[in-house]
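**Student:** Okay, here's what each chain looks like letter by letter:
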Amino acid sequence: MTEPKFEFALEVRLRLKKPRLELSPLPVGGNRLSVQILGGEFEGPTLKGTVEPGGGEWPHVREDGVFCFDARYHLRVDDGTLIMIQNRGYRHASPEVMEKLWSLRPGEEVPPDAYYLRSMTMFETSPGKHDWLSRYVFVGVGERTETGNKIRYFKVV
Amino acid sequence: MSESAAAPAMKHAFRLELRFDKPLEFPSMSGERGFFRIVESKVEGERIKGSIADDGGDWIVFRPDGVVETDSRMMIRTEDGVLVYLRSRGVIRARPEQLALFKAGKGLEAGEAYYRTAPYFDAPAGSNCEWLTKALFVGSGRFHGDRATLDIYEVL
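Chains as they are written, first to last, in our numbering: chain A, 1 to 157; chain W, 1 to 156.
Hints are computed from structural coordinates only; laboratory data are not their basis.
The model shown is predicted, which means the values in this text are computed figures rather than measured ones.
Glycine is no exception: its CB is placed at the ideal position from the N, C-alpha and C atoms.
Incorrect hints may have been included.
[As the list claims (entries may be wrong)] BS3-like, lysine-lysine: derived pairs with alpha carbons at most 25 Å apart:
no. : chain 1 : residue 1 : chain 2 : residue 2
1   : A       : Lys-129   : W       : Lys-134
2   : W       : Lys-42    : W       : Lys-134
3   : W       : Lys-42    : A       : Lys-18
[To be verified] Chain W regions said to be covered by chain A (calculated; three or more residues, Cβ under 8 Å):
no. : region
4   : 27-37
5   : 82-91
Can you build the whole structure from these sequences, using the hints too?
**Tutor:** Structure, rendered in structure tokens:
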């Protein structure tokens, strides 16, 4: 068996609403957040465009501190095509790094290799030039930014 | 074989009134997709009153047979300040000819159609909304243009 390879597909930079809402504690432990998508941009070798406002992220923050994301929102390619993105994944690090990421201040940076932010991603779009997005498995590698996050998506081939 | 268990009774939990932004629509490989962003809402019941805290929305698939599959998420804030997360799957039996209107950006007029949902909730342990996490619920509603009204029942 050949090992899977990754091909860079696109990078999405998201702006997220603050403050995030925090429902706590869940009966199962941890808490539930609600984070709205304000907008953003994306770009890859074959497509670029903007992030539609609306949609959101409703992660479960487990008792062990791990963020389990569950996001869904929409991209609009500059040719008008709409793409729905559904994202599940994990973010975790030491409690100190997680605390720093939670309350990132202007100008502050945390090196991306200090934490794990990866997603399993599915895209849905219309038949046409971009429909390959709904035929492959994608993995996202992300970074938290002061205003939201930046995730680079790779096609698994 | 023992006798069948008695059919469960239902108790009204709350009424959910939603108003949506103009939907995003696009054909996809798994049906005509739509996203209805919730921009206004009201939750009204004897045991819970509130409104949507973040806008949330309904991600639908409009099937060629006219049936609309709904899939919604929203965070509610009660008048007491308690956050309640609602997720729900549902079915609207629209008429096949309404699909063409929907594709043409005419919204979804399904006022008389069968519209049922199965919502489930997260609420804080120890809060006055914890009961929402300990029962099953069924919703029955009406969908009119940019508005939906749902009565949510607790299955006893």
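**Student:** Now tell me, hint by hint, if it's right for this structure.
**Tutor:** Now for the hints, and whether the structure bears them out:
1. A/Lys-129 with W/Lys-134: Outside the cut-off at roughly 47 Å; violated.
2. W/Lys-42 with W/Lys-134: holds (22 Å)
3. W/Lys-42 with A/Lys-18: holds (23 Å)
4. 27-37: Three-residue rule met by the region 27-37 of chain W, so holds; n is 7.
5. 82-91: holds (count 3)
When held up to the earlier numbered hints, the structure conflicts with hint 1 and nothing else.
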